[in-house]
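Turn these sequences into a full structure, and let the hints steer you where they fit.
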Amino acid sequence: MFTQTADQDLLEATTEQYLAATYPPARLRELARRDSTFDAALWKQGAELGWTTLLVAESAGGGSVSGNGLADLVAVAFQFGRHAAPGPLIGTNIVAAALGRWGSKERHGAALAELLDGGATAAWGYAPRLGRRAPAGVRAARSGDRVVLDGTVPHVETGAPNGYLLVAAVDDDGTRSHHLVPLDAPGVHTAPLGGLDLTRRYAAVALRGVALPATSRVGEPGTADDHDEELLDLTAVLQAAQIVGAMERAFAMTLRWTGDRYSFGRPLGSYQEIKHRMADLRTQLEAGAAVVEKAARRVGDGAGDARSWASAAKAYAGRLGPEVIQDCVQLHGGIGVTFEHDLHLYLRRATVDAQSFGTPAYFSERLVRLVEAGMQQEETA
Amino acid sequence: MNADLEDVDAFAARARAWLAENMPLADQGRETFFLYAATHPTDDEVLARAATCRQLQRRLFDGGFAGICVPREYGGQGLTPAHQAAFNREIKGYDYPAEIQASTFIPCMAVLLEFGTEEQKHRHIPGMLRGEEIWVQLLSEPGGGSDAAGAVTTATRHGDQWLLNGSKIWTTSGWWGDWALCLARTNWDVEKHRGLTVFSLPMSAPGLAIRQVELVNGSKDFCQEFLTDVAVPDADRIGDVDAGWSVMTRWLHHERTISGGSPYITGGGNRPSDGPYEITVLVTAARRLGLIDDSHTRGLLGEARADALVQRALVESVTRKMATGALPHHAAAMLRLFGGTTNARRAAIATEVYGEAGVVWAPDEETNAQVGLGYLIRQASCIGGGTTEMARNVIAERLLDMPRERRADTDAFRDVPRGPRASSTP
Ligand SMILES: Cc1cc2nc3c(=O)[nH]c(=O)nc-3n(C[C@H](O)[C@H](O)[C@H](O)COP(=O)(O)OP(=O)(O)OC[C@H]3O[C@@H](n4cnc5c(N)ncnc54)[C@H](O)[C@@H]3O)c2cc1C
Ligand SMILES: Cc1cc2nc3c(=O)[nH]c(=O)nc-3n(C[C@H](O)[C@H](O)[C@H](O)COP(=O)(O)OP(=O)(O)OC[C@H]3O[C@@H](n4cnc5c(N)ncnc54)[C@H](O)[C@@H]3O)c2cc1C
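So the sequence lines, in the order shown, correspond to chains U and R. Numbered by full-length UniProt numbering, the letters in the first sequence go through residues 1 to 381 in order. Numbered by full-length UniProt numbering, the letters in the second sequence go through residues 1 to 426 in order.
Keep in mind that the hints were calculated from the coordinates and are not lab data. Please read these numbers as outputs of a predicted model, since none were measured by experiment. Every residue, glycine too, gets a C-beta built ideally from N, C-alpha and C. One or more hints might be untrue.
What the hints assert, rightly or not - Taking CB as the label site, the calculated pair distances span:
(1) P71/R / E229/U: 34 to 42 Å
(2) T175/U / R89/R: 36 to 44 Å
(3) A32/U / E365/R: 53 to 61 Å
(4) Q355/U / G290/R: 29 to 37 Å
Dropping the structure here:
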């Protein structure tokens, strides 16, 4: 769906082959009954295909295939959406990106290396929508050369048991800084959560007196607000790419169905109403792919308007993606709302991505704030 | 690709400098485009703007920026779509001859480039690029516009000339255009697509009577033409006799690229600014109305902003994919559909943001009037240039390969049922 280099095509094709062979729908249904869906050996193979290094500079042990690692990773995320595949792809890459950009080699080098080679996974504990009434989040208290974290993270996607959590905590001076928390550190309590996605697992995390070396901090003190916004740009683009992948799969299934299914002696696809619906869905799919591609290019290149494009991608794909898939369900008739049919796999994936890490409305509001900021700059200039 | 071609970045830099020196800035909050103008421009005002368009086009020509993708032998620059795309980015914010891009350059010039004889191309294209020849499309008829192949305007051969009789309608700029492409029936006794021929003719031709049609927003730029024995030399025929449909398919294709994707139009099919729909204009209006902190209003503004960005990305991406062959040229119908529905939605958004202020206004509140009248005329964006339903048909049948509609018009055209508005069989 994207305009790509030959190397990006190859990355996407190998990912697609691997996911198709490893996670056919029957396998996803089996995983649905399991408490944990993470498979360390399979994740490691994915890392060997290049899933984990793309947002990290070569100097820090990573590497992209085209020079724009986000554009590369979009191809992988698209295939994750098409296959509703398990594996903490976005979280691991986001935390790796944070460590690569703001971590230090001595303090975070080992953790980053584990993420890059697939030996560990990570989650970014961030929920931008939680308003003023939400629980306080995480606080950090200094105690000698240690920092003690207390608080909760409402939900994170789980992966390897020896994973990491990147979370912003409020320091004594009221500013926020990022910390890298090993999930097996004493005082880290996780409680499994239910959810829509059949193959991704979520947990609530409580940090009770988690004492870490002060060196666990990622980035300069007080930088978490800015850094969270940057990570949110990356996350938004990747989620939008997964949503577009889920849309693509559901659309392709539906197009086939409209040819195979007959009513009143003709294929469904011969009714103009159905044809026009499919034309609308195809156009919305193309529009979603186009804005994701553009956003990946702008964010990956660090362009001045990157944040607007990332927000537009998530606002659009988040709003339209699940609706497009619902329309695919509608065009399937009764079979479309059964567990036995595969459509819901993609509806689940798209819906979870659309609503987490900022709803479409959150990104729409973010777009307005960016317009206002631009106008203010013009006025003062 | 030709190695002597100017590098796109260097070209863009040269264009940037030239534009700053030579082109006037666009008036951001103001919609000058006739069809959407809220000021009910008088005929004199329209003619004045047309004269400005001619001058601006001449300036582009003299500066070496007209017909960027047109071969040099016809007065163009012989460059690539990438150069045109770069120029379209640079020209944003400047006034330019927006009103003559369609129909002069697409579809008319594009059709001449593909189907014109050498003589026809040399005769007309340089004049088009200099702003001397403004072209219009005589295509739709009172009996139907979507079904272009159902045209009943008839051309009859008399020696080396043709006599045209019938009526055309909805001709944008018909009353001040110089030349036209005209689709006419040359054979009533074959299947409808096989009896059509395309002609070019001057709008001042004897026997061509023009009536302006008033639109709901007060614009009178639409026209109906009545053709009575209009004589057209055979040398002005475009393409072969009865082969008009092969011209038409490309004509319609070029027309669909109006929402983006054409290498022949300056400004990428966009007007100099989005007028009242420009996001900063909308935010300013919401502030003035005291609504900027209202979360529902902010939701509408965010939706408008997201849609505008998505539309831009879609035009760029589909244009690129069609150029590389990743998508067939029928994919342009997606741009037409998305452009139409998105423009309709933004008119609704603006109307909701303005509320009362967009339906009742003071004499000096021109932007408010544009919003209100823009809403009244908004479906034009889903009708003109081929309707969104026709675009959906193209996407479903050509891009998705879904079954074609059953046809009731495969007999000799003479015997095909027609509604009462179509003129009768000769
Ligand atoms: C919650 C629920 C409860 C139900 N309970 C019962 C029950 O108790 N007893 C029972 O017998 N059935 C029941 N049904 C079945 C229900 O009546 C059918 O699902 C429904 O009639 C559609 O038929 P279908 O699923 O075969 O879809 P299809 O008929 O295959 O239709 C698929 C899609 O194509 C569209 N379509 C079909 N033909 C045309 C056409 N000519 N023009 C345009 N669009 C068309 C449909 O609108 C639909 O979107 C139930 C279904 C549900 C979801
Ligand atoms: C702003 C604007 C500028 C225009 N400029 C020009 C111009 O310069 N020159 C020119 O020749 N024409 C011009 N037109 C006319 C335009 O091309 C026609 O209005 C258009 O093609 C529709 O034709 P119609 O109005 O006859 O509607 P009809 O073809 O009668 O259609 C009526 C309705 O039925 C739908 N419909 C028709 N057939 C089908 C089908 N097979 N399947 C599904 N739905 C169908 C249409 O989508 C529409 O909604 C312009 C129109 C507008 C609004």
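Do the hints match the structure? See the list:
1. P71/R / E229/U: 34 to 42 Å: violated (49 Å)
2. T175/U / R89/R: 36 to 44 Å: Hint holds: Cβ distance 40 Å, inside 36 to 44 Å.
3. A32/U / E365/R: 53 to 61 Å: Since A32/U and E365/R have Cβ atoms about 59 Å apart, the given range 53 to 61 Å holds.
4. Q355/U / G290/R: 29 to 37 Å: Given range 29 to 37 Å: holds, Cβ gap about 32 Å.
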